[in-house]
Amino acid sequence: MNMPVHSLSYKKRSVYQTYPDWGVTKVQKKRKTVEYGKYGYVFLVPFFLVFLVFQFYPLLYTFYISFIQKQVKGHGRTAVVNAVFGFGNYADYVFGDKGGGEVFQSIIITVALWLLNFVPQILLSLLLAGWFTDAFNKLRGEGAYKVIMYMPNIITAATIAVLFYTFFETQGPVTSLLKHIGIVKEETSFLTSGYASMFIIAFIQFWMWYGNTMIVLIAGIMGISPSLYEAAMVDGATPTQQFWLITLPLLKPILQFTLVTSAIGGLQMYDIPQLFNQGGPIVMWGDKAVYSTKTIVMVIKTYIDAGPAQDEGRAAAYSVILFIVTLAISMIFYFATSEKKSKASGM
Amino acid sequence: MASKIHVNTTQEKEKFSLRKPFRYFICIGLCVLALFPFYILIVNSTLTSDTIKTGLHLIPSGNFVTNYKGLIAKTDAVGISLWKSMLNSLLITVPTTVLQVYFAALTAYAVTVYRFRGRNLVWAFIYAIMMIPTQVSIVGFIKVCNLTHLYGSRLALIIPAMAAPTTVYFMKQYMEASFSVEIVEAARIDGASEFYTFNRIAVPLIMPAIATQAIFAFVASWNNLFTPSLILATEREKATMPMYVQALQSNDKQRDFGQIYTGLFISILPIMVAYFVLSKYIVAGVALGGVKE
Chain A
0 MNMPVHSLSY
10 KKRSVYQTYP
20 DWGVTKVQKK
30 RKTVEYGKYG
40 YVFLVPFFLV
50 FLVFQFYPLL
60 YTFYISFIQK
70 QVKGHGRTAV
80 VNAVFGFGNY
90 ADYVFGDKGG
100 GEVFQSIIIT
110 VALWLLNFVP
120 QILLSLLLAG
130 WFTDAFNKLR
140 GEGAYKVIMY
150 MPNIITAATI
160 AVLFYTFFET
170 QGPVTSLLKH
180 IGIVKEETSF
190 LTSGYASMFI
200 IAFIQFWMWY
210 GNTMIVLIAG
220 IMGISPSLYE
230 AAMVDGATPT
240 QQFWLITLPL
250 LKPILQFTLV
260 TSAIGGLQMY
270 DIPQLFNQGG
280 PIVMWGDKAV
290 YSTKTIVMVI
300 KTYIDAGPAQ
310 DEGRAAAYSV
320 ILFIVTLAIS
330 MIFYFATSEK
340 KSKASGM
Chain B
0 MASKIHVNTT
10 QEKEKFSLRK
20 PFRYFICIGL
30 CVLALFPFYI
40 LIVNSTLTSD
50 TIKTGLHLIP
60 SGNFVTNYKG
70 LIAKTDAVGI
80 SLWKSMLNSL
90 LITVPTTVLQ
100 VYFAALTAYA
110 VTVYRFRGRN
120 LVWAFIYAIM
130 MIPTQVSIVG
140 FIKVCNLTHL
150 YGSRLALIIP
160 AMAAPTTVYF
170 MKQYMEASFS
180 VEIVEAARID
190 GASEFYTFNR
200 IAVPLIMPAI
210 ATQAIFAFVA
220 SWNNLFTPSL
230 ILATEREKAT
240 MPMYVQALQS
250 NDKQRDFGQI
260 YTGLFISILP
270 IMVAYFVLSK
280 YIVAGVALGG
290 VKE
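Top to bottom, those sequences are chains A and B.
Residue numbers for the first sequence follow numbering that gives the first Met the number 0, so the first one is 0 and each next one is one higher.
Residue numbers for the second sequence follow numbering that gives the first Met the number 0, so the first one is 0 and each next one is one higher.
I should point out that these hints are in silico values taken from the structure, not numbers from a laboratory.
Note that CB positions come from ideal geometry on N, CA and C, so glycine has one too.
There may be inaccurate statements among the hints.
Across the chosen pairs, the derived CB separations fall in these ranges [stated by the list, open to error]:
no., chain 1, residue 1, chain 2, residue 2, range
1, B, I27, A, L249, 26 to 32 Å
2, B, E175, A, P225, 20 to 26 Å
3, B, E175, A, S224, 37 to 43 Å
4, A, A335, B, R187, 46 to 52 Å
Could you put the whole structure together from the sequences, leaning on the hints where they help?
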């Protein structure tokens with residue numbers, strides 16, 4: 000029993016005996032840092048306390064409650080509500096027929112809305128960032144362009160959605176202009192067409208975000224060492240070659256960051272589709288009536304809002320699916336890019 | 000030498016190409032695209048509803064005051080007052096911004112200045128939770144609000160801002176680059192307490208980062224619709240500005256276009272003015288946000 004303690008103290012003593020000075024200073028130094036290090040913990044208390052109560056517990060509770068299914072037996076006043084523990088919410092609403100496939104439908108719609116805005120957004124932002132950093136063709140007023148192109152991003156999304164809704168109403172200014180010019184037919188109604196609504200929402204997102212992405216990419220390009228471009232110029236590389244062979248490869252981490260944050264943000268899309276057309280219009284896809292612009296967060300909210308549809312467990316199960324999809328997407332991007340990196344270094 | 004001559008000739012060529020005019024054309028076109036919807040919004044807020052229905056108008060008229068009076072008169076139909084909703088937004092946004100940047104700075108300071116066991120783990124953790132969107136745990140968040148009797152209270156929207164990992168991240172980036180720990184040690188020798196050192200020495204020194212993050216925290220809170228519309232759903236008196244916009248749109252009795260545009264215009268006026276005043280700092284802040292290692 001006493002053996003380990005004895006051997007430990009013996010070892011310790013032997014160290015002190017061999018290097019007496021080192022031992023003493025080490026002990027003193029350690030004491031000093033520990034003394035102040037305490038404050039590190041103290042200063043972290045507010046953040047972690049609030050995080051635990053308002054973010055961590057909610058996440059755990061959401062996971063937990065997703066396994067409790069609300070089952071109503073009977074109708075009207077004689078109805079009995081039971082809470083049943085198990086995979087009921089997932090089996091019935093997520094993968095089963097009771098949910099009508101609304102989870103995956105709305106996720107597909109959300110991803111489609113995101114892709115429709117992200118692809119043109121990243122292409123235009125890259126092009127503009129290339130132009131603004133092109134040393135051969137310096138454009139005047141870069142600052143003013145940035146300020147104006149970024150502006151829609153800062154304006155309340157709710158207001159912008161309603162603004163575009165009024166523009167595209169049957170009697171709205173854009174609709175009447177397009178009819179007047181003759182681009183669209185007289186009987187065209189944008190807000191009752193599923194595709195038109197999708198494209199308009201994607202356009203609003205694109206219009207709000209390309210300025211932001213452009214500024215981020217410009218900052219990224221400015222961070223690339225000028226000596227690389229100088230060397231390329233000496234070798235006779237054209238600006239186009241420089242863009243494809245220097246700028247784009249070195250911009251990869253920032254492009255990846257933009258992609259992941261945009262994808263995660265895009266999956267949580269709510270304000271614009273909600274206020275633009277309340278997730279509508281309802282269109283027939285095959286033999287199914289589908290909300291053409293209802294995103295997954297909008298679906299989750301319908302089961303949180305007070306009313307006959309309210310179902311905490313169902314909303315939680317949908318949230319868990321959204322969480323998993325969000326996590327999966329960031330993982331896919333993470334591993335896809337790190338794999339490419341190792342390949343590049345191998346070459 | 001040969002390559003140098005080559006460079007000069009390409010440069011010479013660029014001068015006479017249509018490349019630059021084309022780029023100006025696209026850039027100016029995009030600026031018009033960015034501003035045009037707001038221009039139409041402002042013009043339409045000065046027109047009568049009947050005029051707006053006839054098509055696109057580019058010249059303002061003198062109906063703004065009538066529209067405004069009509070909008071205020073219909074407050075009961077909308078359910079929320081325009082100015083009250085702005086005040087409500089401010090009552091949430093200001094404390095949210097202050098708490099968010101102050102506690103983010105405190106947290107970043109703790110991780111940057113102090114050496115304690117588990118420091119790297121704490122930092123890795125803050126970095127990891129940055130990507131978790133609040134929407135996924137909203138069911139649990141409402142549960143917590145019910146348990147703590149914060150449901151329907153503005154505090155439910157304000158207190159959670161004390162734990163904003165993204166803000167902490169940017170504060171730490173800034174502190175690592177331009178805050179020297181020696182100052183803290185000097186303050187200690189002068190007998191300052193740790194908390195005093197943070198408040199009186201560190202906070203003023205990292206003010207540029209605090210100001211930038213404050214702008215973004217303010218804008219995010221001011222524009223937020225999702226959480227307030229859930230937490231304050233039963234409290235019409237506390238409705239925020241985005242909730243007002245929602246009510247303005249969903250109210251069927253209120254289909255006077257002139258009045259709707261007037262309401263929308265007033266709803267974005269404060270943030271638009273603030274943007275053009277602070278645009279320089281905002282654009283610089285956006286650029287900073289993207290350059291991550």
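Checked hints:
no.	hint	in the structure
1	B:I27 <-> A:L249: 26 to 32 Å	30 Å, holds
2	B:E175 <-> A:P225: 20 to 26 Å	24 Å, holds
3	B:E175 <-> A:S224: 37 to 43 Å	21 Å, violated
4	A:A335 <-> B:R187: 46 to 52 Å	48 Å, holds
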